[in-house]
Each structure stands twice: as structure tokens, then as C-alpha cells.
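**Q** Take a look at the letters that make up each chain.
Number of protein chains: 2
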Amino acid sequence: MTRKREIHLGLFLQGAGHHVSGWRHPQAEAGSENFDLLRRVSQIAEAAKFDIVFLADGLTSGADAHPSTIARFEPLTLLASLAMVTEKIGLAATASTTYGEPYHTARAFASIDHLSHGRAAWNIVTTSYARTANNFSKSHPEHDERYAVAEEFVDVVRGLWDSWDDDAIIKDKQSGIYADPEKMHILDHKGKYFSVKGPLNIPRSPQGHPILIQAGSSGPGQDLAARTADIVFTAQQSLEEAQAFYKSLKDRVTGFGRHPDDVAVMPGFLPVIGRTAKEAEEKLAELDQWTDLKAAMPLLEERIGHSLKDYDPDGPLPDLPISDQLRSRAELLTALARRENLTIRQLALRVAAGRGHHIVLGTPVEIADRMQQWFETRAADGFNVMPPFFPQGLEDFTTLVVPILQERGLFRRDYTGSTLRDHLGLTRPALPPVFEP
Amino acid sequence: MTRKREIHLGLFLQGAGHHVSGWRHPQAEAGSENFDLLRRVSQIAEAAKFDIVFLADGLTSGADAHPSTIARFEPLTLLASLAMVTEKIGLAATASTTYGEPYHTARAFASIDHLSHGRAAWNIVTTSYARTANNFSKSHPEHDERYAVAEEFVDVVRGLWDSWDDDAIIKDKQSGIYADPEKMHILDHKGKYFSVKGPLNIPRSPQGHPILIQAGSSGPGQDLAARTADIVFTAQQSLEEAQAFYKSLKDRVTGFGRHPDDVAVMPGFLPVIGRTAKEAEEKLAELDQWTDLKAAMPLLEERIGHSLKDYDPDGPLPDLPISDQLRSRAELLTALARRENLTIRQLALRVAAGRGHHIVLGTPVEIADRMQQWFETRAADGFNVMPPFFPQGLEDFTTLVVPILQERGLFRRDYTGSTLRDHLGLTRPALPPVFEP
Ligand SMILES: Cc1cc2nc3c(=O)[nH]c(=O)nc-3n(C[C@H](O)[C@H](O)[C@H](O)COP(=O)(O)O)c2cc1C
Ligand SMILES: Cc1cc2nc3c(=O)[nH]c(=O)nc-3n(C[C@H](O)[C@H](O)[C@H](O)COP(=O)(O)O)c2cc1C
Numbered sequence: 001m002t003r004k005r006e007i008h009l010g011l012f013l014q015g016a017g018h019h020v021s022g023w024r025h026p027q028a029e030a031g032s033e034n035f036d037l038l039r040r041v042s043q044i045a046e047a048a049k050f051d052i053v054f055l056a057d058g059l060t061s062g063a064d065a066h067p068s069t070i071a072r073f074e075p076l077t078l079l080a081s082l083a084m085v086t087e088k089i090g091l092a093a094t095a096s097t098t099y100g101e102p103y104h105t106a107r108a109f110a111s112i113d114h115l116s117h118g119r120a121a122w123n124i125v126t127t128s129y130a131r132t133a134n135n136f137s138k139s140h141p142e143h144d145e146r147y148a149v150a151e152e153f154v155d156v157v158r159g160l161w162d163s164w165d166d167d168a169i170i171k172d173k174q175s176g177i178y179a180d181p182e183k184m185h186i187l188d189h190k191g192k193y194f195s196v197k198g199p200l201n202i203p204r205s206p207q208g209h210p211i212l213i214q215a216g217s218s219g220p221g222q223d224l225a226a227r228t229a230d231i232v233f234t235a236q237q238s239l240e241e242a243q244a245f246y247k248s249l250k251d252r253v254t255g256f257g258r259h260p261d262d263v264a265v266m267p268g269f270l271p272v273i274g275r276t277a278k279e280a281e282e283k284l285a286e287l288d289q290w291t292d293l294k295a296a297m298p299l300l301e302e303r304i305g306h307s308l309k310d311y312d313p314d315g316p317l318p319d320l321p322i323s324d325q326l327r328s329r330a331e332l333l334t335a336l337a338r339r340e341n342l343t344i345r346q347l348a349l350r351v352a353a354g355r356g357h358h359i360v361l362g363t364p365v366e367i368a369d370r371m372q373q374w375f376e377t378r379a380a381d382g383f384n385v386m387p388p389f390f391p392q393g394l395e396d397f398t399t400l401v402v403p404i405l406q407e408r409g410l411f412r413r414d415y416t417g418s419t420l421r422d423h424l425g426l427t428r429p430a431l432p433p434v435f436e437p
Numbered sequence: 001m002t003r004k005r006e007i008h009l010g011l012f013l014q015g016a017g018h019h020v021s022g023w024r025h026p027q028a029e030a031g032s033e034n035f036d037l038l039r040r041v042s043q044i045a046e047a048a049k050f051d052i053v054f055l056a057d058g059l060t061s062g063a064d065a066h067p068s069t070i071a072r073f074e075p076l077t078l079l080a081s082l083a084m085v086t087e088k089i090g091l092a093a094t095a096s097t098t099y100g101e102p103y104h105t106a107r108a109f110a111s112i113d114h115l116s117h118g119r120a121a122w123n124i125v126t127t128s129y130a131r132t133a134n135n136f137s138k139s140h141p142e143h144d145e146r147y148a149v150a151e152e153f154v155d156v157v158r159g160l161w162d163s164w165d166d167d168a169i170i171k172d173k174q175s176g177i178y179a180d181p182e183k184m185h186i187l188d189h190k191g192k193y194f195s196v197k198g199p200l201n202i203p204r205s206p207q208g209h210p211i212l213i214q215a216g217s218s219g220p221g222q223d224l225a226a227r228t229a230d231i232v233f234t235a236q237q238s239l240e241e242a243q244a245f246y247k248s249l250k251d252r253v254t255g256f257g258r259h260p261d262d263v264a265v266m267p268g269f270l271p272v273i274g275r276t277a278k279e280a281e282e283k284l285a286e287l288d289q290w291t292d293l294k295a296a297m298p299l300l301e302e303r304i305g306h307s308l309k310d311y312d313p314d315g316p317l318p319d320l321p322i323s324d325q326l327r328s329r330a331e332l333l334t335a336l337a338r339r340e341n342l343t344i345r346q347l348a349l350r351v352a353a354g355r356g357h358h359i360v361l362g363t364p365v366e367i368a369d370r371m372q373q374w375f376e377t378r379a380a381d382g383f384n385v386m387p388p389f390f391p392q393g394l395e396d397f398t399t400l401v402v403p404i405l406q407e408r409g410l411f412r413r414d415y416t417g418s419t420l421r422d423h424l425g426l427t428r429p430a431l432p433p434v435f436e437p
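Chains A and B, in that order, are what the protein sequence lines are. 1 is the number of the first residue of the first sequence in full-length UniProt numbering; add one for each residue after it. 1 is the number of the first residue of the second sequence in full-length UniProt numbering; add one for each residue after it.
Same shape as in the complex, but just chain A (with noise of 0.2 Å):
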């Protein structure tokens, strides 16, 4: 494709903000269970002319968790109200295909398709907490059979998508035809893990397929997601370790006879912006100093796999087997570990920070800067931006940042399309050939 590279950003929507201290922020406005805020912040990200609204999603609870996830929405009931406050801006949720079912899946998706007008994405997440079996009646399967659940879940979505032929549906009030029995098939999967017949019950949806992203970044992650997926998010700390995802996941692209340019890589990223960079810094230790040890220590424990408590705080990580069950975010974080010689302590705060994603501390300039240098190094296609509070740490970004990007010619200034394919650059696939017997 010759088409100029832009720059893609998601908004990352975590209504108590990203920074496990965020809410306690005087300017901000805490909830991920406040419609109101996320409507508001989802229509700021639109007026940015964001590509994508991102729902993060889990299947447990507990007051030790990230606020942000203590409470939430259901995510595709959620998306298909967003759907109606907002216009043009693309509409992702997350939908595990370890605590799902193809058919349902399938269809909630293509239903939001159709009520947002081609503006939905489905983030396939494997689930990694192994907690969560204990709310659907099973046990939670090893990491890499997850996997193989999820190349098969993703195949007999498609296939549902593609179940009914764009124009189906012929409501012809004189001969009474309403759908024309030769454009639904049949798909009679029938595999490994899934058994489905099919048609679905919704006609193909104004993308042909919503977008496909897939956020998990092992070996069989990123198979996963170079084989099916249209946006990959990730957790990048270094511009390194961006560059060697991206060039890993783009040689993966191309092995699977796709052209590299039909995935955007979008790692997260957390900025923490401020008039000077002496600023920012002080405002993200201001943050910091919100965060007790006590809170911050469950979301690296959960991310690492392992109880830390017999250990001090104030000493270094101990050499511990990587969770099978998280694998890349264990990998992660005990690089970051080691390359920075945190603490135990240390390396908490960095994930009540962030996660794990990559934090950028400084002025509009700067975070522009770091912004172009890892999409021109192709450590990025797009970013999927983490305030750390909201909606001031969103309105920041998009006041201060944004025109910079705009002015680069990095990033576009309206919406040229009306679909999230549009924004991505991505055409509508076709129908898959019918074979009749």
C-alpha cells in the first residue's frame, strides 16, 4: 500500500484512570462504573479525532483490585450506549475466548456493528487470571491451550460473520421473499473445542468482519494475532523491546501471507504531561505518593504469579519461574526488574503506575517526541493512550499533544471515512468463496 503511514491512537478507558492513584487526583473524576464520565471521555477522544475508544475488560472482582476494575460496565453493553452518544470514533470491547461461546461472541459483535454503523472491534483477550474459573462452573486451562481455544474461536467467528452473504436480506413485499435462502450457509464447524452449525441469526455487518485486535504478546500470542488480528496491543517498556515485538510480530504477519501494513502494533502508553519536565515529574510522584504499599502489591503479585510477602520490600526481586498461566507480562516485568535494579518496592510502584506499559514523563514536546521517534523506528503504528486520571489527564493530551502530532503530519486532523476500517486504512474483506456440493 502506498498510503502516507499516520499515526493511530486509541483511547485506553479505565474510568478511575490508569494510575492506580489516579482517581485520588483533585482533578479527577473517578468511575468505571459512571456512565456519565465515560460518555463525556469517549466524546473528548472523538472530538481528537482518535481512531478507537478501548475497553480493557475482566471477569472477577475484589476490593484489592485495580480500582478501575473493582467495578465496571459489562463491556458490550456498554459499547452499544456508546454507540449512540458518539459518531464517527471506532469501538472496541473485550470478549475472553476461554469464558465464551463462539455464537454469542459472533453476534454481540456484529450487533454493535450494526448499531454503531461499522465503528466495532473485538479485543480477544485469552484471560489470564486463573481466579476467574471459579465464576463459570470450570477450571482454567493452561496458557497454550488457551491458545488453541482462541485460534479456533476466532475461525468460527469469522466464519459466523461470514455466514450470511452481504445481500441477504431481500424483504421484497411482493413475491414475500424476506431472505433469500441461497445467501445464508451453513457453516457446520466442527473441531477440537467447537461444534457450530450456524447461520447466525444477524446479517453480515457494515465492516463484513468488526476489527479484530488481540492483546497478548507470547510466542503463541502473537501467532495468534499475526494471523488473525487487525490491531495488536501490547505492553512495551523499552523502545527495544517495541522495536523487537514490532519486527517479531510484522516477519510473523508476512509468514502467514499477509501484507505487513494490515496490523497496526499499538502499544500502551501512559503520558504524564507537564509545563516543564521538572513538572511532570512532580506530578507523577505526587501520584506516586498516593499509592501505598499495600495497594500496589496485589498488582504486581497478580502480574508476576507469585506471593511476595516473604520477601523485603526494599530488596531485589527474587529469581522466580515465569507464570505459565502470564507469561509475557511476567517476562516483562522481571526484565524491567533487572535492567533498572528495582526493588521489589520499586517495581510495585511502577505497576500501580502503569501496568507495565511504558510511562513518558514531560512537556507536549517531548511526549510528541518520543511518540515520532518510536513510530519512525517502528517500535509503534499507534499508541493506545493511558491517562492516568480523568477526564484532565485525557483533555491534556488531546489539547496539548494531539496539535503537535497534527502539525508533524502525523496524525490526521478529521476523519476522512466513517468506519473503523475507514480510520484504519483497512478495506472490507470479502466473502470467502462458496463451495455447494
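Everything labelled a hint here was simulated from the structure, so no lab data went into it. Treat the hints with care, since some could be wrong.
Identical chains blur together in the list; that is why a pair holds if it fits in one copy or across any two.
[What the hints assert, rightly or not] 20 Å max Cα-Cα, derived EDC-like pairs, lysine to aspartate or glutamate: (1) K190 / E152; (2) K192 / E145; (3) K171 / E29; (4) K309 / E281; (5) K88 / D36; (6) K171 / E286; (7) K283 / D262.
Starting from the known structure of chain A, arrange chain B with the ligands on it as the hints suggest.
**A** Frame of chain A, contents of chain B with the ligands only:
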């Protein structure tokens, strides 16, 4: 309760209209997949002060299905969108206990209850059609086992809704306490079909519990309703049958130690309105004339649970065993055929017109008279109104029949509250006492 008894009105929203040929009417706009139509129609019902909009659902599709069900929105996402474009009317969606997970279901309805500020309702169904299993990698349980699953499913959902105290979210910036751990409760349900630990990841919702509707009329169906439901949706052909069902249901409600007024019985009610009785008859004849036997037969066979292709369409309905899967509907249609001495063709046309629900032909006064009769002689506490086509079929009802009911003091002139519980005159459920060991 000493409050005045008033008729409750639901709009049974079926995009292509309830009569199988409704969408072919010159005045009809069609489509369960047409959001703009569904939005306008819901707003018409709200302007007429209806209690609730009701979405049925199914988990299969086929070109020979009822045109309202070939293609439709996923009901929970549709409900979340309708919540944004309406303000007072209750919003009910169907979700199956046979093809769902209690955690997902509890969460989605709590989410919609929050998004709509207390207007959500869950229509609990067990899913009649065995072919549904083909889309869900499992086999279809028998009728009575489906109800055993449903009983436990509903208990888990209600337990999850109560896993948060109403005041659990603190969000105190000073102390840093977001949620009070003492006010989030482990459910730890371990039953025959489900093991669900909890707590839910969304706070207790505005209605405490979203309203529960039950649609299943066999003995086990009535028991589930009597024990748990706030509204019973049912198909009743004659006044006598409806009275008998009403009494049976209310007796069971009393048997479970509940007050009979706590459950509203709302049969489906399909009005065909003319300026004269003759005009109404002609209107139905016009719709019937567009229905060919080829379209009508699958709808009858599906509800009877037997193929009828080897029988003379102009002969009587043969003696066939009552399908266990479809129990109450198969019984109703068999009784109807016997009572009115219908041929297979006539019965198929009746099913094509109203799917077994009560059809009333007449002038607005005659329609209102019938409603008043059913209401006053304890055949119904309200009606799920099924316009044969949209939007005109609904507008005829709201502009011509509703004012008569209002003049007679049988139906509200305005909403007096803002939640669905308010419309139904039901109080918010208290939290069960917590026994801490
Ligand atoms: C950036 C990123 C975001 C993720 N978001 C979610 C999420 O919202 N919900 C969830 O259950 N899992 C989420 N995951 C977890 C993954 O789906 C996966 O289960 C986990 O990362 C382990 O796989 P991996 O080793 O391939 O990364 C996320 C993972 C990454 C890397
Ligand atoms: C009035 C009525 C409406 C129903 N609506 C639905 C529906 O929307 N979706 C569904 O899957 N089943 C629906 N059902 C089916 C019931 O949940 C149940 O599976 C079926 O009626 C058999 O149970 P029964 O013998 O107790 O009636 C409905 C049943 C009745 C009586």
C-alpha cells in the same frame, strides 16, 4: 397492597411485525435488523406510557423462520442502545438459562439497569428448540432438566446481584478507599449445575434486582415463575384458559409465600383494529391472504414439534404425542384445533397470524372492552401488545385504544416514577441478611 389495580402494557417488539405477513402490508416498515424503526417504535410506546418494551430472542436462524426472527439484533446490546434513546419505559430482553452463564447474565442485566437508571428486565427462558444445541457445541437437555437448570441459574444470578451492598462504593479520595471490602460478598455457590464464587464486578443496580420475567407455562414453568418472577408472559387463547392459568399461577405464588399482586400476568395480545368490526376482519383477511401455506407450516410444525407433511392440510390435526420440549405451546395449539375444529391449514394460518397468542379483531372500543374483561375477570393483569405490523399497527393501538383505557381509569395517563419497578408498583428488594461465620 391497597394500591389501585391498573392494566400493565408491554410492547412486544418484533421488527417485522407479529403477523407473519405483517411486513408485507403497504403501511409496514420492516425489520428486526432495522434500528431506526425499533427506536421510533419504542419511543411511540414510551409516549403512550407503556410499562415496558419486550424483546424475545432465539439462538438460531433460517430463511423459513418467522421474518422477525431470521435476522435481529443481539437483545442485550440492542437494549443498551435503546436505553440511550428512551427515558422512562422499561426495557426487557430475553436470555436463555440453557445457553448462558449466570455470571455473564447477572452482569449484563445489572449493567443495563445502571445504563438505563433502573429500567432493565430479564425475560428468563429455557429455549424450546432442540436445534439450538447445534450452535453451542452441546446437546439440548430435556424439558424438566432445563427447568432444574433454570431454577439454579436464577438463584445464582440473584445471589450475584446481592453480592454488593448498596453502599459498597466509597471513593474517598482522602483515605484512598475505593470500595469497602466488608460490603462485597463472596457467594460461593456450589450447586448441581453451577459453581460460582462471586462477587460480581458491578455494583448493585438501581432496581436492586432488574425485573424478572418468566415465559414458560407448563407446571415447572409456572413454578419457576411463581417462585422468582415479577411478570409472567404467557400465550392464552380463550378467556377461560387464561383465567385458569391466572388462578393456577397465583395459587402457586401464594404457595411460595409471596403476595399474588407481586406477580403480573401478561398474556400476549394481538389487536387488529378497524373503524368497524368488518374493517378489522378485512384487515386480518388481507394479511392472511399474503400468507401461503409454505411459510405457515414450518411455524406450526416448530411449535407442535412434529412434521405434518404426510397429512392432508385440509384434514384435522392428527393425534400426535405432546412434544416434551415444547410442552405448553404444543398443548395450547392442540386444544385450540380441537375446540374450534380447525383443519391443519386453518391452524397453520392461526399460528402464522399470532403464534398461539390471543388475537382480537374489532373497533377500538371492542378491543378496549376485551382488555377490560380479561383484566377485571382475572384472566390478566396486563397485556404484551403484539401489533401485526409496525409502526402503524402500534400507532393505531396507542392513538385509538389507549385513550379509551385511560378514560376508563384502567391505564395511567403519565408515569409516576422513573424505574420499571415504579411502573409495576413493586418495591426494591432489600439485601438478604449476611451471616458472617
Ligand atoms: C496489552 C495487553 C492487554 C490485555 N488485556 C486483557 C484484558 O483486557 N482482559 C483479559 O482478560 N486479558 C487481557 N490480556 C491478557 C491476554 O489475553 C493473555 O491472557 C495474557 O497476556 C497471557 O498471554 P501472553 O503470554 O500471550 O501475553 C491482555 C494482555 C496484554 C498483553
Ligand atoms: C409466551 C412465551 C414466550 C416465550 N418466549 C421465548 C423466547 O423469546 N425465546 C425462547 O428461547 N423461548 C421462549 N419461550 C419458551 C420457554 O422458555 C420454554 O422453553 C417453552 O415454552 C417450554 O416450556 P413450557 O412448557 O413451560 O412453556 C417462550 C414461551 C412462552 C410461553
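**Q** Each of the hints needs a verdict: does it hold here or not?
**A** Right, here's what the structure says about each hint:
Taking the shortest alpha-carbon separations for K190 and E152, only the intra-copy value of 10 Å comes in at or below 20 Å, while the best inter-copy value is 30 Å. Within a single copy, K192 and E145 get their C-alpha atoms as close as 11 Å, which meets the 20 Å cut-off; across copies the closest is 27 Å, which misses it. In this assembly of identical chains, K171 and E29 lie within 20 Å of each other by CA distance solely across copies; the values are 10 Å between and 48 Å within a copy. In this assembly of identical chains, K309 and E281 lie within 20 Å of each other by CA distance neither inside one copy nor across copies; the values are 29 Å within and 79 Å between.
In this assembly of identical chains, the alpha carbons of K88 and D36 lie at most 20 Å apart whether taken from the same copy (19 Å) or from different copies (18 Å). In the homo-oligomer, the alpha carbons of K171 and E286 lie at most 20 Å apart only across protomers (18 Å), although the nearest pairing inside one protomer, at 61 Å, exceeds that limit. In the homo-oligomer, the alpha carbons of K283 and D262 never lie at most 20 Å apart, since the shortest distance is 38 Å inside one protomer and 55 Å across protomers.
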